[in-house]
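Participant: Read off the chains here:
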Amino acid sequence: MSNARTFDRGTVEHVAKLAALSLSSEEAERFTTELAAIVAHVDELASLDTSDVPPTYQVCVPASALRPDVVVPSLSNEEALSQAPRQSHGGFAVPVFVEG
Amino acid sequence: MFDSIVRLAESVRSGERSAEGVATETLARVDAREPSVKAFLHVDRAGFLEAAKAVDAKRARGETLGLLAGVPIAIKDALCMTGVPTTAASRILEGYKPVYDATVVAKLRAADATLVGKTNLDEFAMGSSNENSAYAKVHNPWDLDRAPGGSSGGSAAAVASRMCPGSLGSDTGGSIRQPASFCGIVGVKPTYGRVSRYGLIAFASSLDQVGPFATDVRGAARMLQVLAGHDPHDATTLDAAVDDYEAACEKPVKGLRVGIPREYFGEGLDPEVDVAVRRAISCLEQFGCTVKPVSLPHTKYAVATYYVLATAEASSNLARFDGVRYGLRKEPDRDLRNMYGATRDAGFGPEVKRRILLGTFVLSSGFYDAYYLKAQKVRTLITRDFEKAFEEVDVLCAPTAPTTAFKIGEKTHDPLAMYLSDIDTLPASLAGVPAMSIPVGLSASGLPIGLQIITPHLQESRAFAIAAACESHAALQVGAPTKFA
Chain Y
1 MSNARTFDRG
11 TVEHVAKLAA
21 LSLSSEEAER
31 FTTELAAIVA
41 HVDELASLDT
51 SDVPPTYQVC
61 VPASALRPDV
71 VVPSLSNEEA
81 LSQAPRQSHG
91 GFAVPVFVEG
Chain U
1 MFDSIVRLAE
11 SVRSGERSAE
21 GVATETLARV
31 DAREPSVKAF
41 LHVDRAGFLE
51 AAKAVDAKRA
61 RGETLGLLAG
71 VPIAIKDALC
81 MTGVPTTAAS
91 RILEGYKPVY
101 DATVVAKLRA
111 ADATLVGKTN
121 LDEFAMGSSN
131 ENSAYAKVHN
141 PWDLDRAPGG
151 SSGGSAAAVA
161 SRMCPGSLGS
171 DTGGSIRQPA
181 SFCGIVGVKP
191 TYGRVSRYGL
201 IAFASSLDQV
211 GPFATDVRGA
221 ARMLQVLAGH
231 DPHDATTLDA
241 AVDDYEAACE
251 KPVKGLRVGI
261 PREYFGEGLD
271 PEVDVAVRRA
281 ISCLEQFGCT
291 VKPVSLPHTK
301 YAVATYYVLA
311 TAEASSNLAR
321 FDGVRYGLRK
331 EPDRDLRNMY
341 GATRDAGFGP
351 EVKRRILLGT
361 FVLSSGFYDA
371 YYLKAQKVRT
381 LITRDFEKAF
391 EEVDVLCAPT
401 APTTAFKIGE
411 KTHDPLAMYL
421 SDIDTLPASL
431 AGVPAMSIPV
441 GLSASGLPIG
451 LQIITPHLQE
461 SRAFAIAAAC
471 ESHAALQVGA
481 PTKFA
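If you read the sequences in order, they're chains Y and U.
For the first sequence, the residue numbers in our numbering are 1 to 100.
For the second sequence, the residue numbers in our numbering are 1 to 485.
A few of these clues could be false.
So these bits of chain U aren't anywhere near chain Y, every CB distance computed over 10 angstroms [stated by the list, open to error]:
id	residue
1	13
2	31
3	61
4	235
5	319
6	445
7	459
List of simulated lysine-lysine pairs, DSS-like, C-alpha gap at most 30 angstroms [what the hints assert, rightly or not]:
id	chain 1	residue 1	chain 2	residue 2
8	U	377	U	292
9	U	411	U	300
10	U	300	U	377
11	U	330	U	388
12	U	330	Y	17
13	U	377	Y	17
Derived from the structure by calculation, the hints contain no laboratory data.
Idealized CB from N, CA, C, for every residue including glycine.
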């Protein structure tokens, strides 16, 4: 089963939108060619029978590690904002995104 | 004479040398060598000298100094250092100065190491040649026309050119081991969870692991001793006791069963690498190890599995770079989505975009089962290969990379060919087992060749014993590049 042929310019544009990447037309064209070749290589996984194989969700960790729910000091508001390109009223400033 | 980490630390601890004197000499070497190697993105002169003076002051007060007293260590620029520019070699983090130290950085400081600065890498650690840095290309100290490997190329080149005796790297699919091999030094990827990832700018969180580079095996062992252990800031760190890795270097290797995975010696292996690795294995036989062939049958699926899982995790991790909290911001109009898109398009380089696109694709509706879930299952098969092999042998020995260092620019036109060159390092990353690379020879044209030593989970000590034995054998010694000796 190969999905390589489904990887076309439209796929790149759709995926770029999902990933919040504004690509130029040249970039979209180049990535279509390069990614189609990579996806074709990845398609070799389909040849393996994995019907009885569980997926790996944890590496080396037997179970979720939980710590006691104790509040400890964290970054101050000033420190957390110190690297922000724009800030306002003690928070991160972004363009308006709710109409109203 | 260039001192190893252990020798240097002991001379500072005993008062034979001052940390400030060591730091001054180090800066002189950096000034002389950096123009041709370009290992650093930022040399933290003031912070480095200040730390050295603080070590000397501590000794003067009669306090006991740490295991890395006065040892200059370079830090891969994917690790946060308070107040010091940290970019992950990306335009999107230009000007970013972290407000906290990565746990590994804090641990080095606590051991009285002095931190030279931040080393170059492939952008967000994505690459195998350091050519994906948004800022500069690093040159391999053994041949300046060649790549140092990647992604921790700057950290490897800084040590190989003897600007400093140790550095930190991070390894997601080989980013410590492959540059260690290309640069003729020791590089260790610990067990997944052995070392904290807190403060490491995340690429693929189920694979990323911080580890040391050093000019010799004992230096790497001492560094890992300092770095390893549980961290409340990283829930994936293991709460297991930390071995005495330096003592492990003295352990005899007689009777250890060494497995030779046949899949690592097939098509694409440079004959000179083959010969050098087999010579190292025969030296281990002289030390009383028994050698037997083993099979890791799913090795050929490692590249496909890795590039699905690592890119999927990257697409999620790199969603945080959106122009809001740190780094670059492009605001073409008053629209939030356009701000995200423009910021990310301007801030990320081509390889990062390629991986974000691939990772988003394999997680997207309609493709998740065929790619992401499938790869998670194949990851289980690759892990089982190692478990089965380790029922028969104590350690696996193989090439670290199928070739010696390639020329800068040689592979940049073909991303898939670059990915395929990672075949020897990816399986251990997927299985989470520790693996290290040590130099065991030079090619006819004078390029280093690395032996990869892979052991079961948390058995770093066994790998250090094997590595130290190899290092002691006269036939396997590599040394420094002549022009940087």
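Participant: Please flag the earlier hints that this structure goes against, numbers listed from lowest up.
Facilitator: Hint check: 4, 5 and 11 fail, others pass.
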